[in-house]
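Enquirer: Go by the hints and put chain B onto chain A.
Chains as they are written, first to last, in my numbering: chain A, 1 to 276; chain B, 1 to 380.
The reader is advised that the hints may include incorrect statements.
Claimed, not checked - Chain B side only, calculated, beta carbon under 7 Å to chain A, not exhaustive:
| no. | residue |
| --- | --- |
| 1 | Ile32 |
| 2 | Glu36 |
| 3 | Ala39 |
| 4 | Asp66 |
| 5 | Ile68 |
| 6 | Leu71 |
| 7 | Ile93 |
| 8 | Gly100 |
| 9 | Asn342 |
| 10 | Thr343 |
| 11 | Glu344 |
Stated by the list, open to error - Listing some non-contacts, in silico: residues in chain A with all C-beta distances to chain B over 10 Å:
| no. | residue |
| --- | --- |
| 12 | Gln22 |
| 13 | Met56 |
| 14 | Leu113 |
| 15 | Val229 |
| 16 | Leu230 |
| 17 | Val241 |
| 18 | Arg254 |
Said to hold, decoys possible - EDC-like mimics (lysine to aspartate or glutamate), calculated; alpha carbons at most 20 Å apart, straight line:
| no. | chain 1 | residue 1 | chain 2 | residue 2 |
| --- | --- | --- | --- | --- |
| 19 | B | Lys80 | A | Asp135 |
| 20 | A | Lys220 | A | Asp242 |
| 21 | B | Lys340 | B | Glu122 |
| 22 | A | Lys87 | B | Glu9 |
| 23 | A | Lys90 | B | Glu9 |
| 24 | A | Lys146 | A | Glu98 |
| 25 | A | Lys90 | B | Glu36 |
| 26 | A | Lys146 | B | Glu344 |
| 27 | B | Lys340 | A | Glu150 |
| 28 | A | Lys220 | A | Glu35 |
| 29 | A | Lys87 | B | Glu36 |
| 30 | A | Lys86 | B | Glu36 |
| 31 | B | Lys340 | A | Glu98 |
Keep in mind that the hints were calculated from the coordinates and are not lab data.
Built from N, CA and C at the ideal position, the CB exists for glycine as well.
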Amino acid sequence: MNGPKPTPAIHPVIQIGGLWTQFDDLVVHRDLNLEVKTGEVVSLVGGSGSGKTTLMRQMLGLETPTRGSVKIFGISLHDSPALILKKIRKRWGVLFQEGALYSALSVFDNIALALRELRVFDEGFIRDMVMLKLDMVGIERRHAGKMPAELSGGMVKRIALARALVLEPELVFLDEPTAGLDPDRSESFVRLIESLHGQLGFTVVMVTHDLDTLVSLSDKVAVLADQRVLVYGPLEEVVRVDHPFIRSFFLGDRGLRALSAAKEPVFGPALPGAAR
Amino acid sequence: MPGATMVSEPTVDTLQDGKGGSLIALAGAWDIRALERQARALQQSLRASAGARDARWDLSKVQRLDHIGALLIWRAWGRKRPAQIDLRPEHEIFFANVEGTGALVSGRRRIDWFAPVRALGEWMLGAGEHVVDIVRLLGQMLIDSMVLLRRPARGPWREISASVYRIGTQALGITAAVGFLIGIVLSYLSSEQLKAFGANVFIVNILGIGIIRELGPVICAVLVAGRSGSAITAQLGVMRVTEELDALAVMGIPYTVRLILPKVVALSIAMPLLILWTSGIALVGGAISANLQLGISVNQFLTGLPAAVPTVNLWLGVGKGVVFGALIALVACHFGLRIKPNTESLGAGTTNSVVTSITTVILADAVFAVLFNDVGISLL
Numbered sequence: 001m002n003g004p005k006p007t008p009a010i011h012p013v014i015q016i017g018g019l020w021t022q023f024d025d026l027v028v029h030r031d032l033n034l035e036v037k038t039g040e041v042v043s044l045v046g047g048s049g050s051g052k053t054t055l056m057r058q059m060l061g062l063e064t065p066t067r068g069s070v071k072i073f074g075i076s077l078h079d080s081p082a083l084i085l086k087k088i089r090k091r092w093g094v095l096f097q098e099g100a101l102y103s104a105l106s107v108f109d110n111i112a113l114a115l116r117e118l119r120v121f122d123e124g125f126i127r128d129m130v131m132l133k134l135d136m137v138g139i140e141r142r143h144a145g146k147m148p149a150e151l152s153g154g155m156v157k158r159i160a161l162a163r164a165l166v167l168e169p170e171l172v173f174l175d176e177p178t179a180g181l182d183p184d185r186s187e188s189f190v191r192l193i194e195s196l197h198g199q200l201g202f203t204v205v206m207v208t209h210d211l212d213t214l215v216s217l218s219d220k221v222a223v224l225a226d227q228r229v230l231v232y233g234p235l236e237e238v239v240r241v242d243h244p245f246i247r248s249f250f251l252g253d254r255g256l257r258a259l260s261a262a263k264e265p266v267f268g269p270a271l272p273g274a275a276r
Numbered sequence: 001m002p003g004a005t006m007v008s009e010p011t012v013d014t015l016q017d018g019k020g021g022s023l024i025a026l027a028g029a030w031d032i033r034a035l036e037r038q039a040r041a042l043q044q045s046l047r048a049s050a051g052a053r054d055a056r057w058d059l060s061k062v063q064r065l066d067h068i069g070a071l072l073i074w075r076a077w078g079r080k081r082p083a084q085i086d087l088r089p090e091h092e093i094f095f096a097n098v099e100g101t102g103a104l105v106s107g108r109r110r111i112d113w114f115a116p117v118r119a120l121g122e123w124m125l126g127a128g129e130h131v132v133d134i135v136r137l138l139g140q141m142l143i144d145s146m147v148l149l150r151r152p153a154r155g156p157w158r159e160i161s162a163s164v165y166r167i168g169t170q171a172l173g174i175t176a177a178v179g180f181l182i183g184i185v186l187s188y189l190s191s192e193q194l195k196a197f198g199a200n201v202f203i204v205n206i207l208g209i210g211i212i213r214e215l216g217p218v219i220c221a222v223l224v225a226g227r228s229g230s231a232i233t234a235q236l237g238v239m240r241v242t243e244e245l246d247a248l249a250v251m252g253i254p255y256t257v258r259l260i261l262p263k264v265v266a267l268s269i270a271m272p273l274l275i276l277w278t279s280g281i282a283l284v285g286g287a288i289s290a291n292l293q294l295g296i297s298v299n300q301f302l303t304g305l306p307a308a309v310p311t312v313n314l315w316l317g318v319g320k321g322v323v324f325g326a327l328i329a330l331v332a333c334h335f336g337l338r339i340k341p342n343t344e345s346l347g348a349g350t351t352n353s354v355v356t357s358i359t360t361v362i363l364a365d366a367v368f369a370v371l372f373n374d375v376g377i378s379l380l
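Bound conformation, chain A alone (with noise of 0.2 Å):
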């Protein structure tokens, strides 16, 4: 990325360790590992119940895992005062998949709120800051004072993006970024994701089953299947593992196509089952 330097770090941004979930007799995850770095753009995929989104509530600290660690910038999510843990949720950026916008409150303060909460800022600077995170998710500013109720899929998403985005994290976890928008605005959303993401540098970690998204913006992917982290790699090496999954999610007829779309298509002649 030649955006600016983040913070250096000695830790990584997030440090899973020995992560076991279990509900009942269910195990979901049986001691997983997973790092990521600071900088990446790390995408979650399984299948459904394979415990994606429950992983990343886990990092979110919104679940807390049977057994082991997480640890977001070095500090243990779980066993940590209130006080840092407070200090970690400014640091990070959440997009929900539904935008999760207050329904109560107008765009403008959807996004002013977390400003507003660090109670520094005054109104005007406050104003400043809406409108310029407005422009950069790509929102005309006379939507400003509209209540969320009235917009579009599309806009709930840029708009949660932007609120995700006011307070500069330097962690950002993507829900399912373009669930439920068209093919044409998902694309233009992955677009905003990337430029974002190469202006401010920050770390990234999705989860998505769209390939498309997947493909134009991971770094690394994560594979989760049976229990545990399946393979964590490069695009191109985590095609290359033979698995049922894998076979079935990126080798399928969508998969292949998706893969070939990619700016630098990822799929030599070696790959298995490429020839089907």
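Expert: Just chain B, lined up with the frame of chain A:
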């Protein structure tokens, strides 16, 4: 914090360069992490420095910058870049983004002096609209139910039965508790007055007429409106939000028959029964209190009751129950169907539903009082 030692605090230094000009040097980390602690102080020192004419701004020692820092500096500049500036190339992008906000026009709203008048007018029109909508809903429901006359087996009998259980049976406890207490309170207060006139036996008349004809139905209706009316509105509202109502419509199942008819019928059945139950318990409470206060035995109270209260009052209470039940159900369904797919609308709709149904019940009660003013009251 990792790396904290390598990054220093943001600072502003103003130096004289000896040729009459000044050099303003910014250094350290100008990002949210540092600024959230000292934004105010930095803003002040930036403003103080920015006053100097022909100053040269040196930003090359800024270690970290983000949009928040850039905006802070740019606002101190008076929303335009100074002539002389040293800026790291990688920080250029932040100022470029921030400069885009220059043409900000704040959408100031005009003051509307007629707003209160307009609001009143809108409110009245809105109230009329509600009445029309409720009548339309009732009509639609009756038209859709015509099918059931030909094929009664297709009626939503199971839904009706479930609703009667939820609205009626499960409310027995709360209505009994409230009715009992009301009976005791009413009896206690009246007996004080009656004792003064030596008219102790009239406690039976007061409680009999008051509870069976008036208090039982109204209290019961208020309780049911709060308990079941709100539940019905919320249920329909959520079904609207989750597009379940649309799903029913496209499957060709009229929601009036499946959802609204069962509620209206169930409330019309459950309400009179609940009223009888509440009135009965309230009379028991009243009798116990009368026994303690006035020394009228429970047996004397119960035998005096038929003479003091003509039977028609009982029918009046039951009739009120049917009407109140149907009204509560219709109002609750009407507000449920109006809910828009957002959380705020759900909350507001439920509140409006309960307030309106209680008001409607009391209005209807007034109508009953006027219509039946010479029925069932035996003058001595």
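Enquirer: Taking the hints in turn, state whether each one holds.
Expert: Do the hints match the structure? See the list:
1. Ile32: holds, 5 Å
2. Glu36: holds, 5 Å
3. Ala39: holds, 4 Å
4. Asp66: holds, 4 Å
5. Ile68: holds, 6 Å
6. Leu71: holds, 6 Å
7. Ile93: Because about 6 Å separates Ile93/B from the closest Cβ in chain A, which is inside the 7 Å limit, the hint holds.
8. Gly100: This interface hint holds because 5 Å falls under the 7 Å limit.
9. Asn342: holds, 4 Å
10. Thr343: Constraint on Thr343/B satisfied, holds at 5 Å.
11. Glu344: holds, 5 Å
12. Gln22: The claim stands: Gln22/A keeps its Cβ more than 10 Å from every Cβ of chain B (closest is about 31 Å).
13. Met56: holds, 23 Å
14. Leu113: Holds, since 15 Å exceeds 10 Å.
15. Val229: Holds, because the least Cβ-Cβ distance between Val229/A and chain B comes to about 24 Å, which exceeds 10 Å.
16. Leu230: Per Cβ check, Leu230/A is outside 10 Å of chain B; nearest 30 Å; holds.
17. Val241: With a cut-off of 10 Å, Val241/A remains clear of chain B, as the shortest Cβ separation is near 33 Å.
18. Arg254: With a cut-off of 10 Å, Arg254/A remains clear of chain B, as the shortest Cβ separation is near 27 Å.
19. Lys80/B x Asp135/A: This hinted pair holds, its Cα atoms lying about 18 Å apart.
20. Lys220/A x Asp242/A: holds, 18 Å
21. Lys340/B x Glu122/B: Holds - the C-alpha atoms of Glu122/B and Lys340/B are around 19 Å apart, at most 20 Å.
22. Lys87/A x Glu9/B: With a Cα-Cα distance of about 17 Å, the restraint between Lys87/A and Glu9/B holds, given a limit of 20 Å.
23. Lys90/A x Glu9/B: Between Lys90/A and Glu9/B the Cα gap is close to 19 Å, so the pair holds against 20 Å.
24. Lys146/A x Glu98/A: holds, 17 Å
25. Lys90/A x Glu36/B: Holds. Lys90/A to Glu36/B sits at ~10 Å (cutoff 20 Å).
26. Lys146/A x Glu344/B: holds, 14 Å
27. Lys340/B x Glu150/A: holds, 11 Å
28. Lys220/A x Glu35/A: Measuring from Cα to Cα gives roughly 11 Å; hence the hint holds.
29. Lys87/A x Glu36/B: holds, 11 Å
30. Lys86/A x Glu36/B: holds, 13 Å
31. Lys340/B x Glu98/A: holds, 17 Å
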